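Protein chains in written order, with my numbering: chain A, 1 to 109; chain B, 1 to 116.
Treat each hint with caution, since some may be false.
[As the list claims (entries may be wrong)] Quick list of in silico lysine-lysine cross-link-like pairs, BS3-like style, CA-CA up to 27 Å:
| id | chain 1 | residue 1 | chain 2 | residue 2 |
| --- | --- | --- | --- | --- |
| 1 | B | Lys40 | A | Lys71 |
| 2 | A | Lys96 | B | Lys9 |
| 3 | A | Lys57 | B | Lys18 |
| 4 | A | Lys58 | A | Lys71 |
| 5 | B | Lys22 | A | Lys96 |
| 6 | A | Lys22 | B | Lys22 |
| 7 | A | Lys71 | B | Lys18 |
| 8 | A | Lys42 | B | Lys18 |
| 9 | B | Lys40 | A | Lys96 |
| 10 | B | Lys38 | A | Lys42 |
| 11 | A | Lys96 | B | Lys53 |
| 12 | A | Lys22 | B | Lys38 |
[Said to hold, decoys possible] Quick partial rundown of chain B residues pointing at chain A, CB under 10 Å, derived from the structure:
| id | residue |
| --- | --- |
| 13 | Lys22 |
| 14 | His29 |
| 15 | Tyr33 |
| 16 | Pro42 |
| 17 | Val48 |
| 18 | Leu88 |
| 19 | Ala92 |
| 20 | Tyr106 |
[To be verified] Take a look, some chain A residues computed to stay more than 12 Å from chain B by CB distance:
| id | residue |
| --- | --- |
| 21 | His7 |
| 22 | Pro8 |
| 23 | Gly16 |
| 24 | Asp17 |
| 25 | Thr24 |
Read the hints as simulated data drawn from the structure, not as lab findings.
This structure is a prediction, so every number in the text was calculated from the model and none was measured.
Just so it is clear, CB atoms sit at the ideal spot from N, CA and C, and this is done for glycine as well.
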Amino acid sequence: GENVEQHPSTLSVQEGDSAVIKCTYSDSASNYFPWYKQELGKRPQLIIDIRSNVGEKKDQRIAVTLNKTAKHFSLHITETQPEDSAVYFCAASNEKLTFGTGTRLTIIP
Amino acid sequence: DTEVTQTPKHLVMGMTNKKSLKCEQHMGHRAMYWYKQKAKKPPELMFVYSYEKLSINESVPSRFSPECPNSSLLNLHLHALQPEDSALYLCASSPAMGGARSYEQYFGPGTRLTVT
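Could you build all of it, start to finish, from the sequences and the hints given here?
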């Protein structure tokens with residue numbers, strides 16, 4: 001089955017700086033890669049996703065890149081704000097979602 | 001309506017109790033999911049319903065029994081649970097499931113279950 005690794009497990013960034021979270025996956029058949037943000041006590045919220053036929057996607061301050069050959073995908077958050085503090089999960093899907101282990105992002109004011 | 005709703009928000013039950021968790025969506029989605037999430041861990045898939053039929057059971061113990069009465073509703077019946085079953089139970093839905101295309105999943109707020 002699919003295996004998704006996510007790094008780093010914790011990340012502290014000064015407000016206004018950029019944050020990058022990286023994931024690797026094992027199943028070359030995976031074709032959909034969403035990112036979820038989960039604040040404490042809240043539901044996982046889909047923030048951006050990318051499909052295997054696209055190399056990069058951007059939505060305002062967040063962007064995702066995908067390297068299918070290397071089986072890597074990354075989340076980039078620019079101009080970070082305190083409200084970006086949360087746990088971020090990457091996931092890979094070939095019919096069902098397999099999640100990474102999560103990254104706790106803390107934005108330091 | 002663009003949300004997945006779940007009831008109750010919190011549930012405390014004894015090991016001999018029977019209870020049910022409920023999930024509802026009105027987005028016209030045809031796939032619905034149950035996940036279990038322990039603290040500081042990612043969601044773990046339990047069951048998937050596609051077009052109201054059980055499509056995936058991730059080897060979940062029989063003390064968890066899913067039901068999909070119609071395309072908008074998903075239940076999880078609980079019986080004789082163990083303390084280690086305490087967790088956040090998340091429901092999700094997606095437009096469809098299966099085939100060559102994967103679909104975005106939207107999560108409900110979850111039911112925080114405590115088994116005493």
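Results for each hint:
1. As the CA atoms of Lys40 of chain B and Lys71 of chain A are separated by approximately 25 Å, the hinted pair is consistent with the 27 Å bound.
2. Of the supplied pair hints, the one linking Lys96 of chain A and Lys9 of chain B holds, its CA atoms being roughly 26 Å apart against a limit of 27 Å.
3. Restraint check: the Cα-Cα separation between Lys57 of chain A and Lys18 of chain B comes to about 46 Å, which exceeds 27 Å; the hinted pair is violated.
4. Taken as a hint, the Lys58 of chain A and Lys71 of chain A pair is honoured in the structure, with Cα atoms around 19 Å apart against an allowance of 27 Å.
5. For the proposed pair Lys22 of chain B and Lys96 of chain A, the alpha carbon gap of about 22 Å is at most 27 Å, so the pair holds.
6. Taking the CA atoms of Lys22 of chain A and Lys22 of chain B, the gap is about 35 Å. The hint is violated against a cut of 27 Å.
7. Of the supplied pair hints, the one linking Lys71 of chain A and Lys18 of chain B is violated, its CA atoms being roughly 44 Å apart against a limit of 27 Å.
8. At roughly 26 Å between alpha-carbon atoms, Lys42 of chain A and Lys18 of chain B fall within 27 Å of each other, so this suggested pair holds.
9. About 21 Å separates the Cα atoms of Lys40 of chain B and Lys96 of chain A, which keeps this hinted pair within 27 Å; it holds.
10. Of the supplied pair hints, the one linking Lys38 of chain B and Lys42 of chain A holds, its CA atoms being roughly 13 Å apart against a limit of 27 Å.
11. For the suggested pair Lys96 of chain A and Lys53 of chain B, the alpha carbons sit about 16 Å apart, so the restraint of at most 27 Å is met.
12. With a CA separation close to 22 Å, the supplied pair Lys22 of chain A and Lys38 of chain B stays within the 27 Å bound.
13. Because the smallest distance between the Cβ of Lys22 of chain B and any Cβ of chain A comes to about 15 Å, over 10 Å, the interface hint for this residue is violated.
14. The criterion of a C-beta within 10 Å of any C-beta in chain A is not met by His29 of chain B, whose closest approach is roughly 13 Å, and the hint is violated.
15. Annotation: interface hint on Tyr33 of chain B holds; nearest CB of chain A at approximately 8 Å, less than 10 Å.
16. Annotation: Pro42 of chain B was flagged as interfacial toward chain A, and the flag holds, the nearest CB pair being 3 Å apart, inside 10 Å.
17. Hint on Val48 of chain B holds. Least Cβ distance to chain A is approximately 7 Å, under the 10 Å limit.
18. Hint on Leu88 of chain B holds. Least Cβ distance to chain A is approximately 9 Å, under the 10 Å limit.
19. Look at Ala92 of chain B: its Cβ gets to within about 8 Å of chain A, closer than 10 Å, so that hint holds up.
20. Contact between Tyr106 of chain B and chain A, as hinted, is supported at the beta carbon level, the nearest pair being about 6 Å apart and thus within 10 Å.
21. With a cut of 12 Å on Cβ distances, His7 of chain A stays outside the contact zone with chain B, its closest approach being about 14 Å.
22. Once the 12 Å rule is applied to beta carbons, Pro8 of chain A is consistent with being away from chain B; the minimum gap is 15 Å.
23. Every C-beta of chain B lies more than 12 Å from that of Gly16 of chain A, the closest at about 28 Å, which supports listing it as non-interface.
24. No Cβ of chain B comes within 12 Å of the Cβ of Asp17 of chain A; the nearest lies about 25 Å off, and the non-interface call holds.
25. Every CB of chain B is more than 12 Å from the CB of Thr24 of chain A (nearest about 15 Å), matching its label as outside the interface.
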